[in-house]
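All chains should be modelled from the sequences, with the hints used to inform the complete structure.
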Amino acid sequence: MRSKWERFSGRTRLSNRLNRAVRQFHDQGRTFLEHLKRDVAQSRETQVRGTRQNFLHNGTFHEAVAPVLAVAQFFCIMPVSGICAVTHRGLSFSRRSWRFWYSLLYLCSTSVDLMFSVRKVFHGVLDVRSVEPIVFHVGILIASWQFLNLASLWPGLMRHWAAVEDRLPGYRCCRDRDRPARRIQFVAFLLLALSLMEHLLSIISAVYYDFCPQRSDPVESYLDSTSLQLFSVFPYSNWLGWLGKLQNVLLTFGWSYMDIFLMVLGLGLSEMLARLNRSLEQQVRQPMPEAYWTWSRTLYRSIVELIREVDDAVSGIILISFGSNLYFVCLQLLKSINTMPSSAHAVYFYFSLLFLLGRSSAVILFVSRINDQARAPLRLLRMVPSEGYHPEVSRFAAELASDRVALTGLKFFSVTRQMYLVVAGTVATYELVLIQFHEDKKSWDCLLNDDD
Amino acid sequence: MKILPKLERKLRRLRKKVTRSPLTRKLDLFHESARKKAFQESCETYKSQIEKEYEVRNTLPKLNRSNKEAFLSDGTFHQAVGRVLLVAEFFAMMPVKGVTAKHPSNLSFSWRNIRTCFSVLFIASSFTNFGLSLYKVLNNPISFNSIKPIIFRGSVLLVLIVSLNLARRWPQLMMYWHTVEQDLPQYQTQMGRWKLGHTIAMVMLVGMMLSVAEHILSMISAINYASFCNRTADPIQNYFLRTNDEIFFVASYSTPLAIWGKFQNVYSTFIWNYMDMFVMIVSIGLAAKFRQLNDDLRNFKGMNMAPAYWSERRIQYRNICILCDKMDDAISLITMVSFSNNLYFICVQLLRSLNTMPSVAHAVYFYFSLIFLIGRTLAVSLYSANVHDESRLTLRHLRCVPKESWCPEVKRFTEEVISDEVALTGMKFFHLTRKLVLSVAGTIVTYELVLIQFHEDNDLWDCEQSYYS
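Read top to bottom, the protein sequences are chains A and B.
Residue numbering for the first sequence follows UniProt numbering, beginning at 1 and increasing consecutively.
Residue numbering for the second sequence follows UniProt numbering, beginning at 1 and increasing consecutively.
A portion of the hints provided could be inaccurate.
Claimed, not checked - In silico BS3-like pairs for lysine-lysine, Cα to Cα no more than 25 Å straight-line:
no., chain 1, residue 1, chain 2, residue 2
1, B, K326, B, K435
2, B, K403, B, K301
3, B, K262, B, K148
4, B, K68, A, K411
5, B, K435, A, K411
6, B, K97, B, K435
7, A, K411, B, K428
8, B, K262, B, K195
9, B, K52, B, K68
Said to hold, decoys possible - Partial chain B-side listing against chain A, Cβ under 10 Å, derived:
no., residue
10, T232
11, A233
12, D389
13, C400
14, I418
15, A441
16, T446
17, L449
As the list claims (entries may be wrong) - Label-pair restraints from in silico Cβ distances:
no., chain 1, residue 1, chain 2, residue 2, range
18, A, S97, B, L438, 35 to 41 Å
19, B, I315, A, S394, 44 to 50 Å
20, B, R169, A, S109, 54 to 60 Å
21, B, E421, A, L190, 39 to 45 Å
22, A, A428, B, L257, 30 to 36 Å
23, B, G131, A, V112, 24 to 30 Å
24, A, L200, B, V450, 38 to 44 Å
25, B, L438, A, W239, 44 to 50 Å
26, B, D234, A, L107, 24 to 30 Å
27, A, L200, B, R298, 49 to 55 Å
28, A, R215, B, S353, 35 to 41 Å
29, B, R298, A, N238, 58 to 64 Å
30, A, L432, B, M202, 40 to 46 Å
To be clear, the hints were calculated from the coordinates, so they are not data collected in a lab.
A virtual CB, placed ideally from N, CA and C, is assigned to each residue, including glycine.
Printed below as a string of structure tokens:
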């Protein structure tokens with residue numbers, strides 16, 4: 001009796017289970033089909049035309065910086081793969097990718113070029129002006145090497161960055177979300193356009209007002225003059241001339257890109273602090289629970305940790321960029337005493353001088369914004385009402401008062417607004433001394449130039 | 001009448017003895033004998049132990065097979081710095097006995113030691129040499145360039161005297177260092193223990209190799225120069241007349257004098273390099289101790305730790321700070337001399353780089369020595385700034401203490417780290433931080449620009465002018 005009952009119940013249980021499994025399969029199949037249909041429809045739709053969603057920014061730094069990095073990769077800097085991926089998870093760095101070999105090739109060709117320039121400089125007289133090509137080449141060589149190192153750190157850095165970004169208070173509307181990305185792209189592309197314009201002006205002033213043509217063809221003569229360091233060793237050939245010109249363009253871009261990249265980083269990091277500040281500003285006047293202050297303190301701390309990590313990665317680039325800017329500003333100011341051979345030269349010269357001055361001050365100002373924004377919460381914390389003044393608030397205030405949060409140049413100096421004046425003072429001092437030794441070098445005197 | 005109470009007390013004691021029961025008396029006796037026996041036994045074991053150790057030490061063969069333990073470093077500063085000090089002793093500095101011993105308690109200083117005598121003798125000899133070069137410089141027109149030998153020999157003499165003084169305090173300093181080290185959180189791996197000694201040995205090796213190379217190059221260029229301006233027929237005599245011109249300015253040429261001058265020259269060059277090395281090595285040691293503490297803090301970063309943990313770490317941090325202060329008091333004069341010397345010599349060498357070089361040998365020697373000088377100065381500044389950097393790094397770990405384990409002890413620790421300026425100093429005039437490197441570089445550029453204004457190219461081929469120091 002008992003065994004019969006058991007057998008029966010076992011059978012029903014088995015059939016029940018079978019039924020359930022069949023139903024589940026049905027459901028899964030249906031949902032799978034639905035998904036498939038939707039995906040196909042979506043892909044067809046996106047192939048036809050982009051929707052509004054495609055153009056909306058999600059407010060991450062990774063997305064904002066993608067076009068800037070794409071331009072850099074075009075010019076052999078920052079060989080990271082997956083910069084245009086939707087999230088930071090697509091980023092990767094590998095030594096076997098073509099980007100890596102591309103930038104390694106660039107490094108090699110720059111070092112070869114450097115050797116030729118060193119050879120040329122040491123054949124002439126050594127002074128502040130004549131070492132210009134060496135400073136230029138060495139600066140870019142070290143910076144490109146630093147960028148290569150940075151590229152290997154970049155995926156990890158962006159992961160950390162995204163983790164901090166997720167914890168930040170959200171934006172109110174989509175226009176707020178767009179703003180940082182737009183600003184970053186605007187600044188980067190404006191500067192790129194200006195540097196392109198400067199380069200074009202230099203070509204114009206060199207081609208059309210060539211006072212000492214070395215060759216009959218103006219283009220050949222121009223190519224000869226741009227890579228003199230090569231043609232003092234080899235006889236003139238067209239392909240070598242074009243290679244030299246390509247190298248020259250890449251170098252000029254790399255030189256401007258250092259500053260642009262630092263500005264973009266400054267904008268990105270200061271935007272994170274600004275988001276925290278905006279949320280604090282709304283809450284400080286009313287008494288908040290202690291948990292709120294713990295949240296904001298740990299958030300601030302994580303942003304500061306991120307800034308320190310970024311600083312460890314880019315502080316070498318900062319030192320190189322600031323040092324080369326200091327040198328070139330001194331040099332260009334010194335050259336401004338010279339008389340200009342033609343109006344095209346004058347336009348080019350003053351444009352490049354202004355561009356250099358503007359770019360150097362913009363780097364300092366944008367990067368020092370991090371320090372400004374990091375100090376801002378202290379002012380807000382002073383407004384906390386006494387009934388909401390928890391031990392956490394006092395700890396937060398003590399941390400803010402004693403820490404110095406800023407990007408640094410290899411820890412030798414930290415970039416703050418005060419530094420702007422210090423650098424300006426240094427430039428003025430050196431300039432006054434250098435002027436004493438200055439002799440007007442007539443750049444259109446061909447014999448004199450040949451002596452160099 | 002005064003005797004009465006005394007008598008009474010004696011009587012009472014006697015009565016007590018007598019009235020004690022025989023059992024207790026027996027027990028007392030038994031106890032007494034047992035105690036005596038135990039005491040004697042422990043005395044004997046101690047004595048036999050000492051004797052055994054003594055015998056072992058005496059019977060130890062001179063060339064016994066070492067085991068692995070003898071080569072493994074235990075991560076102490078005393079062990080790491082032993083060989084460096086041994087080299088210094090060979091060059092008449094730091095006459096301390098027992099620098100290569102396992103334990104710092106074996107260190108000792110005595111005036112009657114052979115090392116001390118050698119050191120004192122060398123101080124006297126360099127004092128004579130200093131007097132001779134002072135005499136020569138004062139008899140010639142004085143300029144920024146010509147006082148170079150005085151500054152060189154003067155600073156070497158000063159460092160020698162300071163190092164003799166330091167050697168007297170070295171055993172105590174090392175004992176204090178040892179107690180601080182014992183208390184610190186221990187290294188987790190043998191690699192960590194090995195690292196300090198390895199870094200110090202490498203710094204010393206590279207520095208010494210480069211300075212030997214520089215000295216050889218200088219000899220080559222001097223020989224080259226001497227053969228050009230030959231005053232006598234003998235080339236060796238020419239060379240010595242050139243390099244030791246301060247001696248032969250007063251005395252006529254003789255071979256023992258020349259050898260003494262050369263000996264003095266080699267030793268001075270070594271000591272001049274060694275003072276930078278010494279500052280570097282001490283700061284590497286101090287930074288390593290801070291790093292040892294920071295590594296432990298990093299392992300427990302962001303975790304909830306008991307207040308006892310924090311108070312322990314705070315006391316350890318304080319101990320290292322005190323150690324840093326003590327070391328700074330001991331070596332700050334050397335630091336000061338080293339920094340000012342480097343500043344002066346870089347200015348002089350940069351100024352000379354404007355001169356035209358008479359030969360390839362000169363050019364190679366000159367640019368090598370200039371680069372070596374700048375590199376050494378940078379290395380000293382960066383290594384010594386590392387102490388300050390490491391001491392500030394603790395703050396970063398303290399900032400991540402979670403709210404639950406935030407206690408007055410952590411707060412006190414944080415405030416102490418913020419307000420203290422822990423760094424080696426140059427006689428308390430300046431702290432050795434990374435910012436100092438920039439300001440020194442700025443100072444050099446400024447002085448250089450001023451000095452260039454007064455510079456005239458002095459022709460090195462002019463044999464009347466002395467160029468070598």
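For each hint given before, does the structure comply? Return the numbers of the non-compliant ones in rising order. The structure conflicts with hints 4, 6, 8, 10, 11, 19, 22, 23, 26, although it agrees with all the remaining ones.
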